[in-house]
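*Asks:* Knowing the structure of chain A, use the given hints to seat chain B on it.
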Amino acid sequence: MKKIYFLWLRQIKRYLRSRSRIIGSLGQPLLFLLALGYGFGSVFQKAGEGNYLNFLAPGIIGMSIIFTAIFSGIEIIWDRQFGFLKEMMVAPMSRISIMIGRTLGGATVATAQGLIVLLISLLFGFHPYNWALIIAAVPIMFIVALLFTALGTMIASLLDDMQGFQLIMNFLVMPLFFLSGALFPLQGLPKALSIIAQLDPLSYGIDALRDLLIGISYYGLGLDILILSTVTLVFLFLGSYFFKKIQI
Amino acid sequence: MIKVNNLTKKFHNFVAVDNISFSVNDGEIFAFLGPNGAGKSTTIKMLTTLLSPTNGEVIINGHDPVREPDIVRRTFGIVFQDPSLDDELTAWENIELHGVLYDVPDKLRKERAEQLLKYVDLWDRKDSLVKEFSGGMKRRLEIARGLLHHPKIIFLDEPTLGLDPQTRNHMWTYLKELNKNESTTIFFTTHYMEEAERIAQRIAIIDHGKIIASGTSEELKSQTNTNSLEEAFLALTGKNIREESASSTDRMRTARHRWRR
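First to last, the protein sequences are chains A and B. According to the working numbering, numbering within the first sequence proceeds without interruption in unit steps and concludes at 248. According to the working numbering, numbering within the second sequence proceeds without interruption in unit steps and concludes at 1261.
The shape of chain A in the complex, shown without the other chains:
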């Protein structure tokens, strides 16, 4: 337990020390809130869908979580290239505990990043319909963070170096985000797009956040949580499976 705690702590320290990373990773959500939130506001209103910024904010929170989480998972590649992974691998502890400590740390960091974006969106005029439910949104954010950190770990275990990173950004992370309903309502989508959105775990994360923050849900909170937890467990399992097979 203590070992897992220290590995968790290591991730937190690394996060707090890389201020440029924190600030850098806030640029994109800020831009989305500003350009899309205000830019599409009047069109969205005219279409009778209400306040776009309110609709968008949970999506952007989800975006910052998925980006930070997948990146935290992928950081294993750096640990491996710069050697620290070897130090962990020769220590008398199971690989599962290494994976758990790192994943919890990465997920905590991603959740923190999501909360920062939540605060920023409040400054932009985001209005949660019930302030108390923000508290309930935090565990959802954490599950989403855990899911994608585990996915990042799995990918990192299969890759040798950072060469494939662009590929993953463009063909995995970006589609996961853009097709998740983070930016648009899931109602009335073309059939194909709707099916893709249903296969995207982030859809359920953002849907759950919308339910708790603005009281709108497409799938329903119960189904969201069920699917999120199941997929998280599957990815944690796969992540540890592939992590165990890493050879240095």
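No lab work stands behind these hints: they were computed from the structure. Bear in mind the structure is a predicted one, so any value in this text is a computation, not a measurement. Hints are all accurate, no fakes.
The calculated BS3-like cross-link candidates involving lysine-lysine, where the alpha carbons are at most 25 Å apart (straight line), are:
| hint | chain 1 | residue 1 | chain 2 | residue 2 |
| --- | --- | --- | --- | --- |
| 1 | B | LYS1107 | B | LYS1152 |
| 2 | A | LYS2 | B | LYS1110 |
| 3 | B | LYS1152 | B | LYS1176 |
| 4 | B | LYS1126 | A | LYS13 |
| 5 | A | LYS245 | B | LYS1010 |
| 6 | B | LYS1152 | B | LYS1110 |
| 7 | A | LYS13 | B | LYS1107 |
| 8 | B | LYS1126 | A | LYS2 |
*Replies:* Positioned in the frame of chain A, the structure of chain B alone reads:
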């Protein structure tokens, strides 16, 4: 302390380590030499639970690294060829994390960490981030860290690569003292033959995955009719330069330098 019987490691069709056997006695300083790509690092990885052998058997202090990895891991400390510190943590935090991972009790951990950091002259830099350290400082920190849990064996994979003579000398003085006082077994690789000649009590030379000679430096010299270990080494392994394919680590390093600029 270390027993290796008919150890083999194959990667696909390539035989990196080919049926080698040797043993290292308790409290011995043992040098494992060979040209690049001869199988040194692969052997060390098998001895230290990082790779499992294709064939053969390893016994470290009475335990098998494959079947009882955690017991074996507590037995040894290791200084890798490449740095294995966390750059974003301070020297103290790196040591502390190591102590926790090896179950060294809190009080003992603090005492030993202080003592070791003082010994490697890093005590006043203990709160600096490792990324601010020079190569030599990192090496010293790694040695301090590798000794924190008082291992019975210490593995050093080219520990003096890129160090100045002062640091090298300081490091070996400490290790020899440790070997004398605690009878810690030392297993090291190096490309500096005079270092091996001066420090190792026994030497094994590996080439193309096979052990081609072993014994004291004197024995190797008389076997080959040469005057120095370097000549003996060249007589045994030939003068051809070995090619090692660039590993992903090398490629990564190039990339990192490019980004930093």
